[in-house]
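Asker: The lines below spell out each chain.
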Amino acid sequence: MSTLTISTADGTITNTEVDSAGLLNSNDGSVSAAPVAIGSVTIPSGAKPIFGAAGIPLFSTSGVPVFESVIDETDNIDGYQVIGEATITIDWSASGISDLDCCAYWADNSGSLIGWSHGSGGLANDNYTAWWTGDDTGNGPETIALLTASSRRSSKETSPFQYKVHLNFYGNGLGGTPAASVTITRGAVTLSKIITPSTNQGQAATISDPSATITFSSDGTPTTIA
Amino acid sequence: MASHRYESRFRFCAALYNTSTNSFLQKSSVGTSSSNNASTAPKATTGLPASGYAYYGAYNNYWLIAQNSHNSLNSKGLNPTTAKAWNDYIWSLVPNNIKFFYNSSLITTIGASGYHEVTVGILKYMIGLGFWHSVDIVNGMDDAITIEYRGMDKYLFDLDGGGATVAMTGWYSATITSGSTFSCGMFEPLEIRFDTDNLPSGENIGIVMQNGTTKYLFLN
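If you read the protein sequences in the order shown, they are chains W and U.
Read left to right, the first sequence gives residues 1 to 226 (my numbering).
Read left to right, the second sequence gives residues 1 to 220 (my numbering).
Everything labelled a hint here was simulated from the structure, so no lab data went into it.
Fair warning: there could be bad hints in the mix.
Stated by the list, open to error - Covered by chain U, per the in silico footprint, the following chain W stretches (three or more residues, Cβ under 8 Å):
| # | region |
| --- | --- |
| 1 | 7 to 16 |
| 2 | 87 to 94 |
Said to hold, decoys possible - Below 25 Å or equal to it, Euclidean Cα-Cα: the simulated SDA-like pairs (lysine to any residue) are:
| # | chain 1 | residue 1 | chain 2 | residue 2 |
| --- | --- | --- | --- | --- |
| 3 | W | K156 | W | A94 |
| 4 | U | K99 | W | N139 |
| 5 | W | K156 | W | T185 |
| 6 | U | K99 | W | G202 |
| 7 | U | K76 | W | N15 |
Claimed, not checked - Partial list, computed: chain U residues near chain W (C-beta under 8 Å):
| # | residue |
| --- | --- |
| 8 | H4 |
| 9 | R5 |
| 10 | I122 |
| 11 | L123 |
| 12 | V135 |
| 13 | I137 |
| 14 | N139 |
| 15 | M141 |
| 16 | I145 |
| 17 | D153 |
| 18 | L156 |
| 19 | D158 |
| 20 | E191 |
| 21 | G206 |
No residue lacks a Cβ here, since even glycine has one placed at the ideal position from N, Cα and C.
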C-alpha cells in the first residue's frame, strides 16, 4: 500500500495558534483533497513514459519517467519530485571493482529482463513497470525503481511475489574484492543483503549469476531479502 | 466543527524513577485517559487545585491538571467554577496550562504534547502527554477517498530510566464521500494517511495542508 502520512509531529498538521487576547483561534483550517491537473511536461526522446490521467505522459523536470504513486510537490506543478514507491539500490563501492552488471526480473516472468546488460535505462514494458538508471557510474550505487503495489503490479505475477537481482562484475580485471549490497526500500521498510557477484570479466550478467531475491507481500510491502 | 488541538482533553503516562538506585518507584503501564468531555470532569481532590473543578487525568499519586493560563485576558477563571459550565466547546477556546502534581505537590508545568521529564533531587519525573487533536478532512474530489488515522496510545518507559517512546494506536479507517467532510481526532501525535491504492484510477490529487502552502500529488 502506498500512502502519504501527515502528522502533528512534523508540522503538516498544525497546532492551534493563540491570539493576543489569550484565546485559541477557533479553527486551524481543514485538510482538503482536490483534483489537480498536470501541466506541460518535457518528454525525453527514446524513453517510454507512464501515462497519467487524460492520457498525459508523466515525467519529472529532470527527465526521469514518473511511474511512482506518490509525488511531493510544493508550488510549481512541473517541479514535482518523485518520492518513490519501491527502490532497489545496488552498491558495490566497497569492492574496489568498477562496472557491475545487473540482470533483474520478476520471478514469474524471467523473460522480461531489465538491467545494465539489457539497455541503458528505460521501462521494462507496460506489464512489468520498472525503471533502472543508466550504466553510468563505475563504482555505484545504481538503482532500480519498481512498482510493487497490488494495483500496479503485473497481473501475470502470482504469489509469492518475488523480484530477483543477479549481479556480475563486468570489470573484474581491475582487481578488488567482489561484493555488493542490494537494498530494497519501500516507505518505512528497508531490507538489505550483501552478495558476492560473479567475476566474469567482459560478460553481461545473466540469470545464472549470484542473486538476491526480494519477496513482497500481496500489498507490495517487501518482507524478506535472501 | 473546528480543526484544532483540544487542550482540555489529554492523555498521559507517568513514571517516577529513583536515579540513586536506578529503579522505578512507580510507573503507569497504560496511562489514564481523560473523558471526552470536560463537563464530566469531577471535582478535584484537596490541593488539586484547592478550589473549583478541574479537568484532570490521574494515575496513582500522579495528577495532571488543566488550568486556564490566560484567565486575566479572557475573563474565565483559573479553574472551572462548575462542572457543567465548562463544556468541551468552552475549554477548546481557552489555552490551558497542564500542571503536573505528585502527591499534591506541583512538580512542573507542561505546555505541549510529547515526552517531558524533570529531576528533583534523586527523583526523576517522567511524563508522556498527548493533547486531543481534531482535524477536518474535506474531500473536494468527484470520487470517495479513503483515509486512515491513528494517535498516541501510550508511552513506553525505558527500563534504564533514560526516557520514553510513544506507542501508537492501530489505524482507523474512514471513507469520505465526494464533497463531504470527516472529522478525525486522536491524542497527539495525530497521524493521517491517504491510501493511494484506494484512490480512483487515473486521479491526480492535491492534498492541501492546514498551513495552505504544501501540496502533495498522488498519481495513480
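Asker: Now, for every hint given, state plainly whether the structure supports it.
Answerer: Cross-check of the supplied hints:
1. For a cut-off of 8 Å, the count of residues in the region 7 to 16 of chain W with a CB near a CB of chain U stands at 9, and the three-residue condition holds.
2. Under the rule that three or more residues need a Cβ within less than 8 Å of chain U, the assignment of the region 87 to 94 of chain W is violated, with 0 such residues.
3. Our distance criterion of 25 Å between C-alpha atoms is broken by K156/W and A94/W, whose separation comes to about 37 Å.
4. Distance restraint check for K99/U and N139/W: the Cα-Cα separation of roughly 57 Å exceeds the 25 Å cut-off, and the hinted pair is therefore not satisfied.
5. Restraint check for K156/W and T185/W: the C-alpha separation of about 23 Å stays at or below 25 Å, so the hint holds.
6. Proposed proximity of K99/U and G202/W is contradicted: the alpha carbons are some 71 Å apart, above 25 Å.
7. Restraint check for K76/U and N15/W: the C-alpha separation of about 22 Å stays at or below 25 Å, so the hint holds.
8. Among the interface hints, the one on H4/U holds; its C-beta lies about 4 Å from the nearest C-beta in chain W, closer than the 8 Å criterion.
9. Given hint, R5/U at the interface with chain W, holds; its Cβ is 5 Å from that chain's nearest Cβ, closer than 8 Å.
10. At about 32 Å, the closest approach between the beta carbon of I122/U and any beta carbon in chain W exceeds 8 Å, and the interface hint on this residue is violated.
11. The beta carbon of L123/U comes no nearer than 29 Å to any beta carbon in chain W, farther than 8 Å, and the hint placing it at the interface is violated.
12. A hinted interface residue such as V135/U counts as satisfied when its beta carbon comes closer than 8 Å to some beta carbon of chain W; here the least separation is about 6 Å, so the hint holds.
13. With a cut of 8 Å, the hint placing I137/U at the interface with chain W holds, because the nearest CB-to-CB distance is about 5 Å.
14. Because the closest C-beta pair between N139/U and chain W is about 5 Å apart, less than 8 Å, the hint holds.
15. A cut of 8 Å between beta carbons decides the hint on M141/U: the least distance to chain W is about 6 Å, and the hint holds.
16. At about 6 Å, the closest approach between the beta carbon of I145/U and any beta carbon in chain W falls short of 8 Å, and the interface hint on this residue holds.
17. A distance limit of 8 Å between C-beta atoms decides the matter here; for D153/U the minimum to chain W is near 15 Å, and the interface restraint is violated.
18. Annotation: interface hint on L156/U violated; nearest CB of chain W at approximately 16 Å, more than 8 Å.
19. Below 8 Å, beta-carbon pairs count as interface contacts, and D158/U has none with chain W, the closest being about 19 Å; its hint is therefore violated.
20. The criterion of a C-beta within 8 Å of any C-beta in chain W is met by E191/U, whose closest approach is roughly 4 Å, and the hint holds.
21. The interface hint given for G206/U is met, as the beta carbon of that residue sits about 4 Å from the closest beta carbon of chain W, less than 8 Å.
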